[in-house]
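Asker: Dock chains B and C against chain A, hints included.
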Amino acid sequence: MGFLHTWLPYILAGIAVGGQYALIAIGYTMVYGILRLINFAHGDVFMWSGLIMVYMITVLPLWLSVILVILFAIVLGTTIEKVAYRPLRSAPRMSIMISAIGVSYLLQNFALYITGGLTKTYPAINWLQKTVTIGSATTKMVTLITPILTIVLVVMLVMLIKHTKIGMAMRAVSRDFETSSLMGIDINRVITVTFVIGCALAAIGSILYFSNYTGINPMSGAMPGLKAFVAAVFGGIGSVPGAVVGAFVIGICENLIKGAGWTTFSDAFTFVLLIIILMVKPTGLFGEKNIDKV
Amino acid sequence: MKKFLALTMTLLLVLTFCVGCGGGDSGSGGGDTIKIGVFEPASGDNGAGGKQETLGIQYANKMQPTVDIGGTEYNVELVIVDNESDNSKAVTAAQNLVSQNVSIVLGSYGSGVSIAAADVFADANVPAIGVTCTNPQVTADCEQYFRICFLDPFQGTVLANYAYENGMRKAYCLSKLGDDYSVGLVNYFVEAFKALGGEVVEEQFPDKNSDFTSYVANAKKAGCDVFFSPVSTEAAALIIDQAEAQALGMPLLAGDTWDSNVITGAAKGKNVDIVVTTFYQEGGNPDFDEGIKAWFEEDSSAMTNNGGNTDLAAVTAMGYDAYFVALEAMKAAGSTDPAEILAALPSLQVSGLVCGDVSFNETGDANKTEAFVKKCNTETGEWEFLTKQSAQ
Amino acid sequence: METRLNKKTRAALSVIAIALFVILVFLGDKYISAGSTWKMLITVIEKGSIFALVAASMNLLNGFTGLFSLGQAGFMLIGAYSYAIFTIPGKSHDAVYQYFDGGLIKWSIVEILEGKMGIFGHYLGMFIPMLFAGLFVALIAFLIGIPVLRLKSDYLAIATLGFAEIIRAFFQWNTLGPVTNGSNVLRKYTTYNNAIFPVIVAGISIAIILLLINSTYGRAFKAIRDDEIAAEAMGINLFKHKELSFVISSFFAGISGALLAMFQTTINATPFNTVMTYEILLIVVIGGIGSITGSVIGAFLFTAASEWWLRGLDAGKWLGIQSSLMRPGFRKVVFAVLIMLIVLFYAQGIMGTKEFSWDGFIGWWKKLPAAIKGWPQKRKAAAAAKKEARAVKAAAKARAKEAKQDSEMKKASGAALFTPLPMTDHVVVFDKEGK
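Protein chains in written order, with my numbering: chain A, 1 to 294; chain B, 1 to 392; chain C, 1 to 435.
Extracted from the complex, chain A is given alone in its bound form (with noise of 0.2 Å):
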């Protein structure tokens, strides 16, 4: 008891960032099961979702603020995908990762020219940020909403995955590219599809995330982006379930880490469970055993 008592604050905070790192990590680990390309940009999505809520807000009601945020959000990512991913498609896997590195460049350069370099404070949405109490530990609503909103997202996409036609053609392609093509599925449906999802739920993550921590700034993307894309490799890259549970075990690692003093390395450790889980189960958590063909 005494235990839960002094660590309670933390376990909530990490799992609440936890589910916010999970539904970013879903957007990565779909699109590298897919592209086989870790999309850089995916974490300037997200932090543009942020940034578009922070404009819309000030002219638009809460509610047609936050479909028009996730209506952005898969526009934004689809263009991205049409315009710098798929004409690179048959080009060598090192120019599309330098595409997306390219892209991430430029959504935080022009992110950076729109907002003057300032972090822009992000509107209140009264009932998500509202305190609570829960045993030893006051935070905010958001965290408690948090992870079962994440969970319930995950359940869909899962049915959807193994239910739909569109979720066994998302299947077979992660599966094998080509022979998928030549079974007559719509390679790019499939691709905008899974791009459209992947979009989608960062940016309700973006919603979550930035009602947490208000701030949002050019870099505020970097960070999450890259920890979502740990937590998606630590849980086996293709694996959304894989990516979900490796979101927590991340988020919350990193609370106690922080909790127990560690606070220099508490963005190192991300990177060092990332090596050690490379090293040693470089399939990750869930990940199947990929086949090295000649």
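Rather than coming from a laboratory, the hints here were simulated on the basis of the structure. For each residue, glycine too, the CB sits at the ideal point set by N, CA and C. Accuracy of the hints is not assured; some may be wrong.
[As the list claims (entries may be wrong)] Taking lysine-lysine pairs in the BS3-like style, the calculated list, with each CA pair at most 30 Å apart, reads:
#1 K281/A to K240/C
#2 K404/C to K162/A
#3 K397/C to K82/A
#4 K152/C to K208/B
#5 K152/C to K82/A
#6 K130/A to K375/B
#7 K62/B to K331/B
#8 K375/B to K268/B
#9 K82/A to K393/C
#10 K165/A to K404/C
#11 K268/B to K130/A
[What the hints assert, rightly or not] Far from chain B by the CB rule (all over 12 Å, computed), these chain C residues:
#12 A223
#13 I350
#14 A396
[To be verified] Some but not every residue of chain B turned toward chain C, in silico, with C-beta under 8 Å:
#15 A42
#16 S43
#17 D82
#18 T92
#19 Q95
#20 S99
#21 G112
#22 Q204
#23 P206
Answerer: For chains B and C alone, coordinates are given in the frame of chain A:
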């Protein structure tokens, strides 16, 4: 062929090591315009503060666009560069100013970039006046750098005194990794606070961190009486938010950076207790206050740079002062030549400024003995004057 | 056909060109006054040559060995610190390590050697820590490489990126403060005093990289890049060569870190972040992945554009154009757009995989007048080709539209996502499951 190439290369290498010192001579201002360089961040961590400081300089320039040097009327032109709050970009930004023939440089907000740029100004022998860079290293070994604000050892002691006198015995100190300003100020605070008999818990957060939940929880867990966190306003807004969310239950204490409308905006309507030390108390000079607010009202871009409202930051007042100190230095030198302005600076005495008179000691720092202590009124979202505090 | 130059002439030309450049830089730094616009040119040459070196070292890894590593900024950081720590004069230690009682190391190699050997010792004292910086980074890279180089392309990228972040946190760690000064800047260390220094050090280092690439090792690297399995079958030890390339690349990244420390005169761990690595990578891309000459040209262009030419875009006036669009940050947007254009439409970069050669240069120079003369005709031809392409495209579009209508009709009849291919069992299986 390879041998031949290798030989030439080696020869050239030896040649470099024997090259003598190549110091550039300084250029001088020409025509009827005199240029003042503004070396401030407009982006990065300190973007908000840097913009507010620049506003003070721009407003001063608007009020007094000309200067009379040795009987000739000169138009003052501001050359503004963005140092991006980044030590590695600061050097080229400073070089850019020097190459545009500025007679004197003002800035910067944030000490790290000033320390990084000091050598560029020293090489070109162009004087620089630090506006709100409070780290002692800025002026310590640089003859060209002066400053008009107080220093961290002073401010740290003032804050420690204030905390101790108000019955706080255990302090939680949070600074940012790689940030000279917060690390330095925390260090001086800790020194002074321990000397008084207080106890401290020190922690640092990494770059780009926006999750302060655990830091606030740590402060609560350690049972501290005060949360001392003199970090950039970007992080400050997030800390205030978490302090409210977790019902921190102790005052937040900080230095001059927190005297900003970003803080009052973040704290408005929240159950938090914020106390800061600063350079200027709003209302200290009503004419200045009204004038600059009127300017914000009429110039929308100025308003945007100030964060969207007309609340005055102390750094804006300091920027305003710095401009007039620069003009006085030019008048005293009777020349637009940087070297002569530099020679006139040590003995300069300027009065009639909004943040108090300025004179420099032998290291080039302003002689300041008092800091203003302000408290944030979370109902109105404005600063309230508490007391003047000295280091003794 | 143009005549090819013989080896001696080519070498002589190279030496003359390099010597001329070095002398010009030397004179430029010495005699251009600090207030002149041209001083920026010298600054750009200094910073450009430092980034040319690190870009070339990254190219050795990414372009010639096919290892996509993103750890360059981390290695530069180690190099910069290793150099700076050992060259801070004894008397400055108290001021620099003000929070750590003057630090752990109270001496500087430069001072020790200067005391014994005078001015020669001074430069030797600079050279030894610089070499040490390179070697130390190489050692760290060697250790990191053992586990990391077993990883495949993107995993390698993300693992090296991770190591760079860990290195950064480590150097800012307060407990190491007496050596690294924790979060505070290191300064007052010995720096060069003429722009010629980084130019020559970077030049020699790049020359060594070039020699390496043209050696048997270089050919092995390229073989690994082109096809790992084939290379292994040819008897190339994959791990050994990857490790070698990684260590050498890191060595030069360390040297360039030391040079950057000297250029900046103060050093702090914060700016050595992922953004810095991305910028180095973009330099490599602009120049051409697989061309050292390209990396050098790319580095100078990148530095000049971002630090000098485009600065006007931030200030509101550029090339005489004035616009309210131009406010702080616009420079970086324009820059990022330019880079994206290069990545998408000019993927081979400036040089592709070609290197500079005198024959190529002379050939280009000889053809230049003809090319200028022939330009209007060429443009006409290009316009005609464009028109033709447009017509072809329009036809293709019409066909696509037809196909789309066709497929939509099929969709309406139930085959939503899969266009059933006739006579294949697989399709039948899919259809069964789908329903």
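Asker: Just to be careful, I want the Cα atoms of K152/C and K208/B compared with a cutoff of 30 Å; is the pair within it?
Answerer: holds (29 Å)
Asker: Using 8 Å as the Cβ threshold, decide whether G112/B counts as touching chain C.
Answerer: OK, holds: G112/B within 8 Å of chain C, min 6 Å.
Asker: Have a go at the S99/B hint: is there a Cβ in chain C nearer than 8 Å to its own Cβ?
Answerer: holds (4 Å)
Asker: Let me know if the C-beta of S43/B comes in closer than 8 Å to any C-beta of chain C, holds or violated.
Answerer: For S43/B, the interface hint holds, since the closest Cβ of chain C sits about 6 Å away, which is under 8 Å.
Asker: Taking the shortest Cβ-to-Cβ distance between A223/C and chain B, state whether it exceeds 12 Å.
Answerer: holds (23 Å)
Asker: K130/A and K375/B were given as a pair; does the straight-line alpha-carbon distance stay at or below 30 Å?
Answerer: holds (25 Å)
Asker: Holds or violated: is the Cβ of D82/B closer than 8 Å to a Cβ in chain C?
Answerer: Since chain C brings a Cβ to about 5 Å from D82/B, closer than 8 Å, the hint holds.
Asker: Check the hint pairing K281/A with K240/C against an upper bound of 30 Å on the C-alpha distance.
Answerer: With a Cα-Cα distance of about 23 Å, the restraint between K281/A and K240/C holds, given a limit of 30 Å.
Asker: Taken at face value, is the distance from the CA of K331/B to the CA of K62/B at most 30 Å?
Answerer: holds (18 Å)
Asker: Is K397/C within 30 Å of K82/A, Cα to Cα?
Answerer: This hinted pair holds, its Cα atoms lying about 17 Å apart.
Asker: Should the hint that Q95/B touches chain C count as held when the rule is a Cβ pair under 8 Å?
Answerer: holds (5 Å)
Asker: Quickly compare the C-alpha distance for K82/A and K393/C to 30 Å and report which way the hint goes.
Answerer: Holds, at about 18 Å.
Hint compliance for this structure: no hint is broken.
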